[in-house]
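Colleague: Here the protein sequences line up with chains A and B, keeping their order. Read in order, the letters of the first sequence correspond to residues 142 to 467 in this note's numbering. Read in order, the letters of the second sequence correspond to residues 884 to 1144 in this note's numbering.
Derived by calculation from the structure, the hints in this document are not laboratory data. Incorrect hints may appear among the rest.
What the simulated footprint calls covered on chain B by chain A, stretch by stretch (three residues with Cβ under 8 angstroms from a Cβ of chain A suffice, anywhere in the stretch; the number is not a length) [as the list claims (entries may be wrong)]:
{"id": "1", "stretch": "963-970"}
{"id": "2", "stretch": "1089-1097"}
Sample of chain B residues facing chain A (criterion: CB under 8 angstroms; computed from the structure) [as the list claims (entries may be wrong)]:
{"id": "3", "residue": "Pro-956"}
{"id": "4", "residue": "Ala-960"}
{"id": "5", "residue": "Trp-995"}
Please read all numbers here as calculations on a predicted model, not as lab measurements. We put the CB at the ideal spot given by N, CA and C, even for glycine.
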Amino acid sequence: MAESAEIATTAPLPASRRSGFHTSGAVGLALWAIALGVPAVLNSTWVSVAAIFAIYAITALSEDIILGRGGMFDMGHAVYLGIGAYVTGILNTEFGWPIFATMPAAILLAAAVGALLAAPLIRLRGDYLLVATIGFNAIFVLAMQNNLGGITGGSDGLFGLDVPRIFGLQLASQPAMFWLDWVVLGGALLLMRNLERCELGRTLRYLKQDELAATTLGVDARAAKTLAFAIGAGLAGLAGSLFAVQLSSVGPSSFVFTESVTLFAIVIVGGQGSIPGVLLGTALMFVVPQIFRDFAQYRYFVFGFAMIVVMVLRPQGLWPRRRTAV
Amino acid sequence: MSALLELRGIGMTFGGLRAVDDLSFAVQQGHIVGLIGPNGAGKTTVFNIITGVYRPTNGDVFWQDQRITGTAPHRIARLGIRRTFQTIRLFAEMSVFENVRAGCHLRARRNWWQGMLSLPAQRREETALAERTHDILHRLDLAQVADEPATSLPYGMQRRVELARTLAGEPLLVILDEPAAGLNDAESAALNDTIFAIRDSGVTVLLVEHDMNVVMNVTDHIVVINFGRKIAEGNAESIRTNPAVIEAYLGTEDEDEEAAA
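All chains, full assembly: derive it from the sequences and hints.
Modeller: See the structure below:
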């Protein structure tokens, strides 16, 4: 029909519709570029903290796709991080795959498991999904601890992962791993920004606000939610792969239920559907504890208290998404 | 000539309640058809059956001679049937523009990965659909409030936003559930013009309405139901003088008004 003719029209949009996002995008890009210089100025402890931050930030952003944007109560997100880490660990240590070759497999398996789990469950009410994902998290950890198929290494996990190599170059040094993690984080942030602006991102917002109204506009709720779950799980799988590389080992304790709770809390406390909110939440949950290591035993007490205060005073999160993003 | 939409022997039972009973009627292409009846007559149930929210206990719904009974709501939308709601259902946290843009959902043909990678084809499509949304906002005189939060607008305007969102999907049939509810006289009169304009743009209209001013003035054909059964059918003039309608519908309304006074 007139479709092709319409697509050819590229008349400019009103200025109000174009500003704003570009500014925040530029600020974000500048901050990211500055962060790349961390290894030049900070000591090795901080370089590894910053690298771990990047990995958890990717994971938290992936949880945000499911929880914050999709409105699906995924309380087992550490599973997908774990699947990615184990896929990389097993393929590398048992089968000798190069690290980078394991990454697509890590993404795909995590995404497939996410989709398979979500498809029958997303029709359920939020609280049922929550309980089901908790159960799945418990099963996953148990399976890994019990050395499923003789390849997960039981409760000790897997050790001695190779370093990533690209074009004969070894990414073995701490700064090299840091840069790898931050480049992937940059990519993840770009994907999140694009998601915000594309039809899928908007579709999730329609569904979260009024599923019936969205459906009458032609939105296939089940397909959109399953897709969101798969994308979120796949991105977490990639983060898991980086996690295994960073520690050069994989163990079940990194993917237990409390890790899922933390990821869930990051999104809620930071701000659902808000990229800066999720990054801020990640920093508070993972970086601040490194600063207050001496008070480790009070950590969860302080966190618990802080979470209550945030939820009472700022129920939309510390850095809520703008009411009408473009 | 065959009907655009046809209901044949529709029945719907909730528990022991017979909400709709052996209801048949047809909506001809290009018409404005009114479905009227007293409160609780089953009008909204009929809408929910047509739009796939409910699957009828008996009978079938035909769309362009194809049986569509029990088709999922999002597939019904794909066929070109769009609806509004008795209680307005706008996306509360979105602007007027974003709400109307939502109506273009099915026109977005690019895949999710094209969107996530922000490929040129997807960006062109975004621009085109934004333009299209602005056109619709202009048509329904909403351009000046495009960036306002949708639910901050006066009630009558919110109705228009919902209508704009419906029309953005280029439907063949729009189903309006009490479009005049909550409107003042001026807004209600303006609604008549809007409904005519929709019909003149080639879209068939089926509406449920209590406001007799709207029903009698705009419809080509009226179906009257009471207790889930059709009691009369015809043009405005024949309905106005139909004794069964006067007794069942207008009589009831008078009693309502007395009770309210």
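Colleague: Should the interface hint for Ala-960(B) be scored as holding, given a Cβ-Cβ cut-off of 8 angstroms against chain A?
Modeller: Result: holds, 4 angstroms to nearest chain A Cβ.
Colleague: Counting residues of the stretch 1089-1097 of chain B that have a beta-carbon nearer than 8 angstroms to any beta-carbon of chain A, does the count reach 3?
Modeller: violated (count 0)
Colleague: Would you say the stretch 963-970 of chain B counts as covered by chain A, given the rule of at least 3 residues with C-beta under 8 angstroms?
Modeller: It holds: at least three residues are needed, and the stretch 963-970 of chain B offers 3 whose Cβ sits within less than 8 angstroms of chain A.
Colleague: Grab the minimum C-beta distance from Pro-956(B) to chain A and call the hint holds if it beats 8 angstroms, violated otherwise.
Modeller: This hint holds: Pro-956(B) lies near chain A, its Cβ roughly 4 angstroms from the closest one there, short of 8 angstroms.
Colleague: Would the hint on Trp-995(B) be counted as holding, given a Cβ-Cβ threshold of 8 angstroms to chain A?
Modeller: 4 angstroms, holds
When held up to the earlier numbered hints, the structure conflicts with hint 2 and nothing else.
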